[in-house]
Structure formats: structure tokens, C-alpha cells
Amino acid sequence: MTKYIDDALVMKRIKTRLRRNQMGKGIFFLAAVFALFILVVLIARMIFQGLGYFDWDFLNNFSSRFPEKAGVKAALVGSVYMMLVVIPTSLIIGVATAIYLEEYARNNRWNNFIRANISNLAGVPSIVFGLLGLTIFVRLFGFGKSILAAGLTMSLLILPVIIVAAQEAIRAVPKEMREASYAMGATKWQTIMHVVLPASVPGILTGSILAFSRAIGETAPLVVIGIPVIVHFLPNGLLSEFTALPLQIYDWAKRPQEEFQNVAASGILVLMIVLILMNSIAVFIRNKFQKRY
Amino acid sequence: MPQRIRKGQSIQQWIGESRKRNVRDKSMPILLMIASLISVMATLGIVSTLIIETFEFFQRVSIFEYLFGTEWYPFSSGNPTFGVLPLLMGTLKVTFIAICVAVPLGLAAAIYLSEYATERTRRIMKPILEVLSGVPTIVYGFFALTFVTPILQIFIPSLKLFNALSPGIVVGIMILPSIISLSEDAMNAVPNSIREGALALGATKLEVSLKVVIPAALSGIVASIVLAISRAIGETMIVSLAGGATPTFDMNITGSIQTMTAYIVQVSSGDAGFGTTIYYSMFAVGFTLFVFTLLMNVVAHTISKRFREEY
Numbered sequence: 001m002t003k004y005i006d007d008a009l010v011m012k013r014i015k016t017r018l019r020r021n022q023m024g025k026g027i028f029f030l031a032a033v034f035a036l037f038i039l040v041v042l043i044a045r046m047i048f049q050g051l052g053y054f055d056w057d058f059l060n061n062f063s064s065r066f067p068e069k070a071g072v073k074a075a076l077v078g079s080v081y082m083m084l085v086v087i088p089t090s091l092i093i094g095v096a097t098a099i100y101l102e103e104y105a106r107n108n109r110w111n112n113f114i115r116a117n118i119s120n121l122a123g124v125p126s127i128v129f130g131l132l133g134l135t136i137f138v139r140l141f142g143f144g145k146s147i148l149a150a151g152l153t154m155s156l157l158i159l160p161v162i163i164v165a166a167q168e169a170i171r172a173v174p175k176e177m178r179e180a181s182y183a184m185g186a187t188k189w190q191t192i193m194h195v196v197l198p199a200s201v202p203g204i205l206t207g208s209i210l211a212f213s214r215a216i217g218e219t220a221p222l223v224v225i226g227i228p229v230i231v232h233f234l235p236n237g238l239l240s241e242f243t244a245l246p247l248q249i250y251d252w253a254k255r256p257q258e259e260f261q262n263v264a265a266s267g268i269l270v271l272m273i274v275l276i277l278m279n280s281i282a283v284f285i286r287n288k289f290q291k292r293y
Numbered sequence: 294m295p296q297r298i299r300k301g302q303s304i305q306q307w308i309g310e311s312r313k314r315n316v317r318d319k320s321m322p323i324l325l326m327i328a329s330l331i332s333v334m335a336t337l338g339i340v341s342t343l344i345i346e347t348f349e350f351f352q353r354v355s356i357f358e359y360l361f362g363t364e365w366y367p368f369s370s371g372n373p374t375f376g377v378l379p380l381l382m383g384t385l386k387v388t389f390i391a392i393c394v395a396v397p398l399g400l401a402a403a404i405y406l407s408e409y410a411t412e413r414t415r416r417i418m419k420p421i422l423e424v425l426s427g428v429p430t431i432v433y434g435f436f437a438l439t440f441v442t443p444i445l446q447i448f449i450p451s452l453k454l455f456n457a458l459s460p461g462i463v464v465g466i467m468i469l470p471s472i473i474s475l476s477e478d479a480m481n482a483v484p485n486s487i488r489e490g491a492l493a494l495g496a497t498k499l500e501v502s503l504k505v506v507i508p509a510a511l512s513g514i515v516a517s518i519v520l521a522i523s524r525a526i527g528e529t530m531i532v533s534l535a536g537g538a539t540p541t542f543d544m545n546i547t548g549s550i551q552t553m554t555a556y557i558v559q560v561s562s563g564d565a566g567f568g569t570t571i572y573y574s575m576f577a578v579g580f581t582l583f584v585f586t587l588l589m590n591v592v593a594h595t596i597s598k599r600f601r602e603e604y
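Line by line, the protein sequences give chains A and F.
Under this note's numbering, the first residue of the first sequence is numbered 1, with each subsequent residue one higher.
Under this note's numbering, the first residue of the second sequence is numbered 294, with each subsequent residue one higher.
Worth double-checking, as some hints may not be accurate.
[As the list claims (entries may be wrong)] Computed cross-link-like contacts, BS3-like style, restricted to lysine-lysine with a CA-CA straight-line distance of at most 27 Å: (1) K419(F) / K25(A); (2) K319(F) / K188(A); (3) K504(F) / K15(A); (4) K313(F) / K300(F); (5) K12(A) / K504(F).
Keep in mind the hints are simulated off the structure, nothing from the lab.
Looking at chain A on its own, in the form it has when it is part of the complex:
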């Protein structure tokens, strides 16, 4: 048998290339693992530093000059109140926009302008939304540094995310379902209300909850609007002054006394628990209601 391929020669020639391949694989793997490792370090650090002050009193106390008496009550309640403005406002406007763009809008210049506008709005830094909120809601409309002003600002901030999520969910409803509805004699609006929307609710909710958790964690717009940090009362209405979780954390983190860093870490722990709860709801909805047509 003639030997066409000299294995030894081939191995000699490709050995460096194979070794390079192995090295590349190792480096790429390490990069991916390192990214995960940072996450683990971040979370572990927050838990261990934050556990010190994390107890019932911490949830039930107002802010204080003394680290051991400081708590997140006003901030936690304030964040919840703010979400009572953010959720309905952004959800209604976002879903309405998505229905318009997906079901009614033709591909003309005007509607393309709206689409381009939404994607540009998504790239505007959050602090610029704060400047908008300060001028329009706080000063022009005279809402003051209130729950309403902050909630409306946050709603505009997360609006693009909700619109895109809702658009994708509506697009995923198959054409046949709409056609079946028309064949039964339903009008276009009836079809949207009774067929398209119910089918896309899980998708809309999953995307929206992620957007809401962004609104809870955002700090910069609140600082720019001028939302006060130290508040010793619970909000009593939409125009009431309030404070929010991330702002409270920011204030503690900035203080010179070392003890307050631990208090800030406890605040972060509360914020992260709220976010994890919201994310689990999103995952639950996605798993429970996800249908394939």
C-alpha cells in the first residue's frame, strides 16, 4: 500500500495551529467565565456587606443620622407609589402605540418617522430625561418634586422598551387567528381586543416587567428632578413629596462615615430583592403562558 499522506509531516505542520486553537478556546472560555465571575463577586459582596443591617427594623424605620437607626421605609413606600404612576401610564401608552404601529400604520414616511423616533428615544441617556422632567413636569406643569412628576418622567424613559416588547408580542400572533376572527364577522377593533391582545398579553407583560424593574432601579432622573433624599413621612397623594430606593442608597453611599456604607449595602439588598421578585414574575409568566402556534 502506498502511503499518500505522511502523518508525521502533517502533524509537524499543523501542530502550532492546533495548539493555537486550543489556546484560543481556553482564552475565550476564561473571558466568558470571568464575566460570570464578576456577577458572582458583585452579588456575594452585596449580600455579605448588606446583611449586617438587614432586618425588620431596617424595613420599618425612616432615614436617620445614626446608621443603626436608619431604614428604608419612606424609600420603599415611595418607590411603590411611583410605580403606581409608572405602570398604568407607560403600559397604556406603550401598548396603544404598539397596536397602532403593528395593526394600523402603513409603511409611509410619517409612520417610519415615528418608528425611527422611538428607537432614537431608547438611546437617550436617562439623565437627559431628568432634565426633561425638571423643565416640563416640575416647572411648566407645576407638579413640583412629586410622585407624579417622577412617575411621568420614568414612564417616558421606559416607554420605548415597552413599545418594542409589545410590538414583538403582537407580531407573534399568527395571521390565521386574525383571519378566523374576521371570518366570524368581527370588526378589526373587535379582533384586536378579543383575539390579538389576549394572545399577546404574556409577551407584553414579560417585556414590561423588565422595563418596570429598570424604572425602579434608575437614579439619575430622580436626582436631576430634585426628588428629596431625606423624607420622614409616607406619601399621601400623587403630588406629595417622596423619596425612592436608589436615591436613598445614593445618599448613604455618599456619606463620609464608613458605617453608612454598610447601610447602603443593606439598601442595595432590599432593591435587589425587589428586582429579583419582579424578574421571577416575568419568568413565571413567560413559562406559564408561552404558547406556540
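Start from chain A and add chain F according to the hints.
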């Protein structure tokens, strides 16, 4: 639209109901379109707010001083100066460090996930990385100030408590997930036949990744990097917690800096009186920031649109 007449319903009633349905069907699109105008109005609101207040600012401070001045001392009681370059410098330092951290690490991780990892590893790793992008920036800022800076100080004793390096690295960590996820999407979109062609010619996986997949996915990768730069420029809480409040016009990364966003935070938490020059300077800086990020976003959009390769 025909609808059956119900039992006991007169023709008149049926016509009435059907007319109501028609009115609703005609009016709903108009209502929905009005809702969609809100996002347009938000953009108009942002642009007009920034322009009007910036215009007011330039009534008091010359544009020339603002654009080319190298001293930013707005709080100086005797002779306040408004040269934006130090703030720009601070922002660029942080952005540059962030890109140096995030791009190599992000691309390497994306190559691993797209080219080397098994389906199972990818399914586990991707959602975990997405968690990183859901962490609020205030948490990252706290992390930079209380964890990264002390660690860096062990290696660089001259590092100040407030510096450019630590927030730069942490901003890099913050933008990492978006670079990984967008670049991985771009690499995934490269069809397998192209990879198989290269493998059949005897290329190793590394050669396929670097010489075939990355060039083919380049537009998506570049777009993801440009988007990440835009996010790093607009990032606020990390730099205002860990960067300090000293606008300097130099290349030093171990000393305190101030970025455009951190300046806006400083002014608004100091409660600058409405109508003062400092109040308006906040909008001029905001406008500058807006222009930068808008440019970046448009560039990213154009790249991913124009150079998208169709297979």
C-alpha cells in the same frame, strides 16, 4: 360588518348597534395614533427644552469660551469659567477605559458562546449574563467606590479615592453584557455553510472564528461597540459616585475627575437656584451629552443597517 340579529332584537336596534361598532372601528385608529404621538412629543420636549435653556446659557457665556475653554470652575465666586473641555475629557477618559475593558473581554466571551460552547452551556450562560444587565447602575457605582477602588489601591498606591480608573473599569463591566449579547447575535447570524467551507479547507476553529466569522459579522460587532460607547458616555451614577467632582484637563487617570453627567448631578443635588447661570449650564452640558449620544446611536443604526450582509 354583518352580525347576527339576536332574538327579540328589532332591526332598528341592530342597525344602531352596528353603527356604534362602526364608529368605534373608525375612531380607534385615531386614538391609537394620538398615543403613538406621545413618544414623538417626548423627543420634541427633550430637544426643545435643551435648546431653549442652552440658548439662554449662551446669552451669558460665549459659545467660544464654552467649546474651547479648558477651565470649568462654575462655582468660583469671583470669576466663574465655563470651558466644557475638562468635562469632556473626564467623560472620554472613563469611556476609553470602559471600552478597553469591555471590548476584548466581550468579544472573547461572544466568540466562546457562539463558536465553541455547546448548546447547553450557551443556554445556561446567556441568561446569567443578562442578569448583569439588569443590575441598577447605582449598585455598580457603589461596587466601584467601596470594592474596586480599594483593590486597585493595593496595586496603585498613588490612586486617589475618587479617580477615573475605577469607574472606567466598572462602566466597562456594565456595558459588557450588551456587547456580548449583540456581538453573539451577529456571529450567530453567520450561516453555518460558510464555517463548514472554511473547516473543509482545513482551517482550525480558531481560524474560522477570527478570519471568517468575525469579518462576516463585523458590522454587527462594530454597531454593538458604538452602542456601548454611547451608553458609557451617558452613564451617570457610577461616575458621580466613584469619579469625584474635579474637572481637570489632563490625561491623568489616577486622580479625581468630573464627567458631563456627574456635573449635572452635582448641580441638581446642590439645588442651583432657578435662573442662575449655573442652572442653565446644566442644560448646555446636557445638550452636549445629548448630541454626542445621538450621533453615536445614529452611527450604530446606520452601520448595522447599511452593512448588514445578506446570505
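Against the structure, the hints come out as follows:
1. K419(F) / K25(A): holds, 18 Å
2. K319(F) / K188(A): holds, 10 Å
3. K504(F) / K15(A): holds, 19 Å
4. K313(F) / K300(F): Roughly 19 Å separates the two Cα atoms, so the pair holds.
5. K12(A) / K504(F): holds, 22 Å
This entry satisfies every hint, going by the numbered hints stated previously.
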